[in-house]
Amino acid sequence: MGVQAYRAPRSIPEAVSLLSSEAGAFALGGGTDLLVQQRSGARQPGSFIDLKRIPGMLGIEQLPSLWRIGAATACGEVASHPGLRSELPGLVEAAGLIGSKQVQGRASLGGNLCNASPAADSVPALVANRAVLVVAGPEGERRIAAECLTLGPGRTVLGRGEFVCAIEIPRPAARQSDAYLRFIPRTEMDIAVVGAAASLRVDEGGRCIAARIALGAVAPTVLTSPEADAALTGSMLEPEAIAACVAIAQAACSPISDRRGTAEFRRHVAGVLLRRVILAASQRLAKEG
Amino acid sequence: MAIHVQTRVNGQATEFLCEADASALDVLRDTLGLTGSKEGCNSGDCGACSVLLDGTLVCACLVLGAELEGRELLTIEGVAPPGGLHPVQQKLLEHNAMQCGICIPGIVVAAKALLDRDPDPDETTVRFALAGNLCRCTGYDKIIRAVLDAAAAMREGAGVRA
Chain A
10 MGVQAYRAPR
20 SIPEAVSLLS
30 SEAGAFALGG
40 GTDLLVQQRS
50 GARQPGSFID
60 LKRIPGMLGI
70 EQLPSLWRIG
80 AATACGEVAS
90 HPGLRSELPG
100 LVEAAGLIGS
110 KQVQGRASLG
120 GNLCNASPAA
130 DSVPALVANR
140 AVLVVAGPEG
150 ERRIAAECLT
160 LGPGRTVLGR
170 GEFVCAIEIP
180 RPAARQSDAY
190 LRFIPRTEMD
200 IAVVGAAASL
210 RVDEGGRCIA
220 ARIALGAVAP
230 TVLTSPEADA
240 ALTGSMLEPE
250 AIAACVAIAQ
260 AACSPISDRR
270 GTAEFRRHVA
280 GVLLRRVILA
290 ASQRLAKEG
Chain B
12 MAIHVQTRVN
22 GQATEFLCEA
32 DASALDVLRD
42 TLGLTGSKEG
52 CNSGDCGACS
62 VLLDGTLVCA
72 CLVLGAELEG
82 RELLTIEGVA
92 PPGGLHPVQQ
102 KLLEHNAMQC
112 GICIPGIVVA
122 AKALLDRDPD
132 PDETTVRFAL
142 AGNLCRCTGY
152 DKIIRAVLDA
162 AAAMREGAGV
172 RA
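Sequence order for the protein chains is A and B.
What the first sequence shows, in our numbering, is residues 10 to 298, in sequence order.
What the second sequence shows, in our numbering, is residues 12 to 173, in sequence order.
Honestly, the hints are just simulated from the structure, not real lab data.
Even for Gly, the Cβ is constructed at its ideal location relative to N, Cα and C.
Treat the hints with care, since some could be wrong.
Claimed, not checked - Among the chain B residues that face chain A by a calculated CB cut under 10 Å, a handful are:
#1 N53
#2 C72
#3 V74
#4 G76
#5 A140
#6 A142
#7 N144
#8 L159
#9 D160
#10 A164
#11 G168
Said to hold, decoys possible - Anything over 10 Å on all C-beta distances counts as not near chain A; from chain B, calculated:
#12 Q17
#13 D41
#14 E105
#15 N107
#16 R156
#17 A163
#18 M165
Please work from the sequences and hints to get the whole structure.
Following this line, the structure appears as structure tokens:
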């Protein structure tokens, strides 16, 4: 059959209507996954519904209590945004690691989420920062927590006609920071073997009053662990507290073995990276004073 | 069903017809006869089809032709006037930085994109900026040196040579 049509709706209702009514309609963001999957036959879209001409789908907006990022905004734009760089450096680190400069010019933050790869770099950073996704659909708008989007590799909770139109990230409080790291066998252009993110908030005395960690590529979906978070909360982020957090998170991992690494290796690296992102985020807090 | 697209390519108003799944690279090479952008992988890995879309560096293979409606595209053919050379091209020549050459149009466009926003990059910055451009001949070293040299020349006033 092949792709029969390309459409560029100008409004959310128009896009919802096209995605609901056309057989095989696929939402097109940056296309860096979808076009490759279409050419390889992994997905067989009947039509492309390009979401980038809808107002609000592109751009980064600073609101009093949150950052609103249009879901089709390219990762390169996220990675080079001065405001995000200072408030959410971990998210910026993650967005800046996705593919080459060329890919970053197109690959969207919403696409990185909706492609539902367990190894997606931006997802642990978004989840650690309690990002919320604004989803448009036939029943109107709904909001879901970023960690609730995926059901497994390549599968999301989005129903027919639904798409993510924006990502909302709470702006960090005073003395709150984040960090993201991933392991790949080379320095660029590869897919995370493990990704780790942490967001920490401390009080004036340096005691951790809120923590949230998230790991990528060690389970079918992004891994969170309230128990691991709790091991940091109330601590002075001393080595024992970090070790306890890391041990709990490692035990919660259920990685696969593949050509990128064995399950055992992934579990080990998850611990190493988690310790490093906790330290990196706490060092950022120390600098902040 | 063919789609009618009006756009600008290298500063010139251009229109074409394309199928829904035709890439911008297909359109450039097969419809518009602009064969400077090369097809290496057709999956965004090699960078041989690097172009600037509204000033942003992208792979033309990962853009649909239909998406070009109302946009501005700059290809390797547009970085210098016919017969002229961009400083990056000049320095690639002087450094003998190419062998088979298929990656070079993409490297020139990616390097131009870098130098347009960062006139004084260090070697690490150049290497990261060109990480999406695969070259299987040179080992990259001469390319990196040529780009650093081009940056230095441009800081001293070298421009596109007509």
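Results of checking the hints against the structure:
Interface hint status for B:N53: upheld, as the beta-carbon distance to the closest one in chain A is roughly 7 Å, under 10 Å. Interface hint status for B:C72: upheld, as the beta-carbon distance to the closest one in chain A is roughly 8 Å, under 10 Å. Hint on B:V74 holds. Least Cβ distance to chain A is approximately 7 Å, under the 10 Å limit. Given hint, B:G76 at the interface with chain A, holds; its Cβ is 9 Å from that chain's nearest Cβ, closer than 10 Å.
Interface restraint check for B:A140: the shortest CB-CB distance to chain A comes to about 6 Å, inside 10 Å, so the restraint holds. Of the supplied interface hints, the one on B:A142 holds, with its beta-carbon coming within about 4 Å of a beta-carbon of chain A, less than 10 Å. Below 10 Å, beta-carbon pairs count as interface contacts, and B:N144 has one with chain A at about 8 Å; its hint therefore holds. With 10 Å as the threshold, the beta carbon of B:L159 stays out of range of chain A, its nearest partner Cβ sitting at about 17 Å, so the hint is violated.
The closest approach between the C-beta of B:D160 and any C-beta of chain A is roughly 21 Å, which is over the 10 Å cut-off, so the hint fails. Because the beta carbon of B:A164 sits about 22 Å from the nearest beta carbon in chain A, more than 10 Å, this interface hint is broken. Hint on B:G168 is violated. Least Cβ distance to chain A is approximately 26 Å, over the 10 Å limit. Taking the minimum C-beta to C-beta distance to chain A, about 13 Å, the non-interface status of B:Q17 holds against the 10 Å cut.
Taking the minimum C-beta to C-beta distance to chain A, about 16 Å, the non-interface status of B:D41 holds against the 10 Å cut. With a least CB separation of 25 Å from chain A, B:E105 remains clear of the 10 Å interface cut-off, as annotated. Look at B:N107: its CB is around 25 Å from the nearest CB on chain A, clear of 10 Å, so calling it non-interface holds up. Every beta carbon of chain A lies more than 10 Å from that of B:R156, the smallest distance being close to 19 Å; the non-interface claim holds.
With a least beta-carbon separation of about 21 Å from chain A, B:A163 lies farther than 10 Å from that chain, consistent with its non-interface assignment. Residue placement check: B:M165 keeps its beta carbon more than 10 Å from all beta carbons of chain A (closest about 19 Å).
The structure does not agree with the numbered hints 8, 9, 10 and 11 stated previously, though it agrees with the rest.
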